[in-house]
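Student: Here our numbering is used: the first residue of the sequence shown is 8, the next is one more, and so on.
Not one of these hints is a red herring.
When the alpha-carbon atoms are kept at most 20 Å apart in a straight line, the in silico EDC-like pairs for lysine to aspartate or glutamate are as follows:
| # | residue 1 | residue 2 |
| --- | --- | --- |
| 1 | 213 | 157 |
| 2 | 213 | 165 |
| 3 | 213 | 170 |
| 4 | 213 | 142 |
| 5 | 213 | 143 |
| 6 | 207 | 165 |
| 7 | 207 | 185 |
| 8 | 207 | 170 |
To be clear, the hints were calculated from the coordinates, so they are not data collected in a lab.
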Amino acid sequence: MPPSDQESTIGGILSHWISVDMQINRPRASLCPAIGLLAGLACLLICFSGCASTSAGPRDQIGQVEQIESSSLRTALLALGPDVAYDEAYRVAETALRTSSILAEEYGVGASPIVHNMLVNAGLRDRGLCYHWAEDMEAALIGLTLFTLEVRQIIARENTIREHNAVVVTARNQPLSEGIVLDAWRDSGDLFWGPLSEDKYPWQEKIPSGQ
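Could you put the whole structure together from the sequences, leaning on the hints where they help?
Tutor: This is the structure we're talking about:
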């Protein structure tokens, strides 16, 4: 899915401000000045707010993703423990891949998750920050009514401009560190997955607000 002209323009603006000043350190409360240099700096911080990424690339076709990844993800889920049901691993793998593609279409995501963050924070898109992906992915997987697998939201670098959110799947009663990360935001709807212990983010379980 190629980025829109609007996204390309905003991406160019973002690149300009990044080159102007890489030493920005402002609290979140000051991210919305109206004009001039402060507006540019605000765009830089806002685009990172809620998610941090180092990769972005063209999305694969949905069919290719399902054909190539579903079997591998299912195998990884089954390897979480001897009691994991094949049917549950199959349904989680299929649903996670399908949901990633569906959400990308619903959110109107282009090639860059960082640029999409800017569009959401500027009010030009309704959803698509990393915690939106995590919430919607968790809801889709919990809806499968699982008994041998557990789905939880995870968070890294909470309350910073590098905060990131995703979902982890573990065997029932298994430590978080042994689970499989599912992160659809990272590659704009091409589902990233892999062992939590090997991922670059310092993941922790996300505690629901009010608890």
